[in-house]
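Visitor: In case you want the letters, here they are:
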Amino acid sequence: MSEHAASRTFYVALGISLLVLTAVTVFAAFVNLGPFNPVVALLIATIKATLVVLFFMHVKGASEKMTGAVVVSGFFFLAILLALAMADYLTRAWR
Amino acid sequence: MADSHATAVETAAHNPALLHHFADEQQQKDAASLGMWLFLVTEIMFFGGMFCAYLVYRVAHFNAFAAGSQQLSIGLGAFNTAVLLVSSLTVVLAVNAAQRGKRKQLVVYLVLTVVLGLTFLGVKAVEYAEKFEKHHVPGASFAFTESFDDNGKHIPVNPKEAELFFSLYFAMTGMHALHMIIGCGLFAGLAVLAWKGHYTPGYYTPIENAGLYWHLVDIIWIYLFPLLYLISRHS
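If you read the sequences in order, they're chains A and B.
The first sequence: position 15 = 15 (this note's numbering), numbered continuously.
Position in the second sequence counted from 1, then plus 1000, gives you this note's numbering.
No lab work stands behind these hints, which were simulated from the structure alone.
Treat each hint with caution, since some may be false.
EDC-like, lysine to aspartate or glutamate: derived pairs with alpha carbons at most 20 Å apart [claimed, not checked]:
1. A/K65 <-> B/E1146
2. B/K1104 <-> B/E1146
3. B/K1160 <-> B/D1149
4. A/K60 <-> B/D1030
5. B/K1160 <-> B/E1133
6. A/K65 <-> B/D1030
7. B/K1131 <-> B/E1163
8. B/K1134 <-> B/E1146
9. B/K1104 <-> B/E1127
10. B/K1134 <-> B/E1163
11. A/K65 <-> B/E1025
12. B/K1160 <-> B/E1146
For the chain A half of the interface with chain B, some residues (derived, Cβ under 8 Å), not all of them [said to hold, decoys possible]:
13. V12
14. G15
15. N32
16. F56
17. G61
18. S63
19. T67
20. G74
21. F77
22. L81
23. L82
24. A85
25. Y89
The beta-carbon is built from N, C-alpha and C at its ideal position, and this holds for glycine as well.
Work the whole structure out from these sequences, hints included.
Guide: Structural data, given as structure tokens:
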């Protein structure tokens, strides 16, 4: 929340690029990429989410460095949840 | 000259919004946004549980999930994604207006955010109504006769597995919509208070924190859209 207050032009440009990325996601969904369709979709979603977190939510340039640690730890624990759950369910071949 | 300088220092030291246990305004703002982020992390884990359930069942019943997803309208989903992204833009512009002390701009952006949020909810209502008509709402009257269209091959799916997809669809979009309803209420309240002049460049923490909440709800939809609407759409 430092007082650098990025310019409105920057915010509008970021909003437009988020809309463009949405269009790219929809377009990519209709192209047959085999097993990589969900990978591409999630990659684009993650790029969009990262842009929102860093610039719209002002995590980049935040004067309180703890904020970044809290954000990263939040997504890190989500990754642990998903990774360990899938490590279980994907290896139940004996059932 | 010296006198007016002393008065300025005095005024700065007595910002009525600055609570006595904070050293300065910056520290108070940092503490507020850190606290908001801690709440948002609990929200991430809350939705994370549903994303995890989605992932497990999608892997187990991929054909049924693809068949269910193909029943959703990409047009409406993409439109709603765009509406939410633009609303995030109006929120960040509202925070920017508050920082610059532009009261009217702030009110306009807050009201625009509410309008965009209600637009999203309206489209969602249209989509839900269609689900009721097609008997795609999980429960006693659930029926699913469509097959999974995989490159022109029609693979029949187990309706019970398709019901799982729609259960997750309603749980996730429903919980997201509830967050949107709460967000619209928050922003409507903020718009009224902003109109009355409650917020100044020295104090706009509620705008900032409600904004963080709105952006997180936006991020959840950024993931829900490809996961629910865009499964196996290529031909």
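Visitor: State for each hint whether it applies.
Guide: We went through each hint and held it up to the structure:
{"no.": "1", "hint": "A/K65 <-> B/E1146", "verdict": "52 Å, violated"}
{"no.": "2", "hint": "B/K1104 <-> B/E1146", "verdict": "52 Å, violated"}
{"no.": "3", "hint": "B/K1160 <-> B/D1149", "verdict": "18 Å, holds"}
{"no.": "4", "hint": "A/K60 <-> B/D1030", "verdict": "13 Å, holds"}
{"no.": "5", "hint": "B/K1160 <-> B/E1133", "verdict": "18 Å, holds"}
{"no.": "6", "hint": "A/K65 <-> B/D1030", "verdict": "9 Å, holds"}
{"no.": "7", "hint": "B/K1131 <-> B/E1163", "verdict": "12 Å, holds"}
{"no.": "8", "hint": "B/K1134 <-> B/E1146", "verdict": "11 Å, holds"}
{"no.": "9", "hint": "B/K1104 <-> B/E1127", "verdict": "35 Å, violated"}
{"no.": "10", "hint": "B/K1134 <-> B/E1163", "verdict": "13 Å, holds"}
{"no.": "11", "hint": "A/K65 <-> B/E1025", "verdict": "16 Å, holds"}
{"no.": "12", "hint": "B/K1160 <-> B/E1146", "verdict": "12 Å, holds"}
{"no.": "13", "hint": "V12", "verdict": "7 Å, holds"}
{"no.": "14", "hint": "G15", "verdict": "4 Å, holds"}
{"no.": "15", "hint": "N32", "verdict": "4 Å, holds"}
{"no.": "16", "hint": "F56", "verdict": "5 Å, holds"}
{"no.": "17", "hint": "G61", "verdict": "12 Å, violated"}
{"no.": "18", "hint": "S63", "verdict": "6 Å, holds"}
{"no.": "19", "hint": "T67", "verdict": "6 Å, holds"}
{"no.": "20", "hint": "G74", "verdict": "4 Å, holds"}
{"no.": "21", "hint": "F77", "verdict": "7 Å, holds"}
{"no.": "22", "hint": "L81", "verdict": "6 Å, holds"}
{"no.": "23", "hint": "L82", "verdict": "6 Å, holds"}
{"no.": "24", "hint": "A85", "verdict": "5 Å, holds"}
{"no.": "25", "hint": "Y89", "verdict": "5 Å, holds"}
Violated hints, listed in ascending order, are 1, 2, 9 and 17; each of the other numbered hints is respected by the structure.
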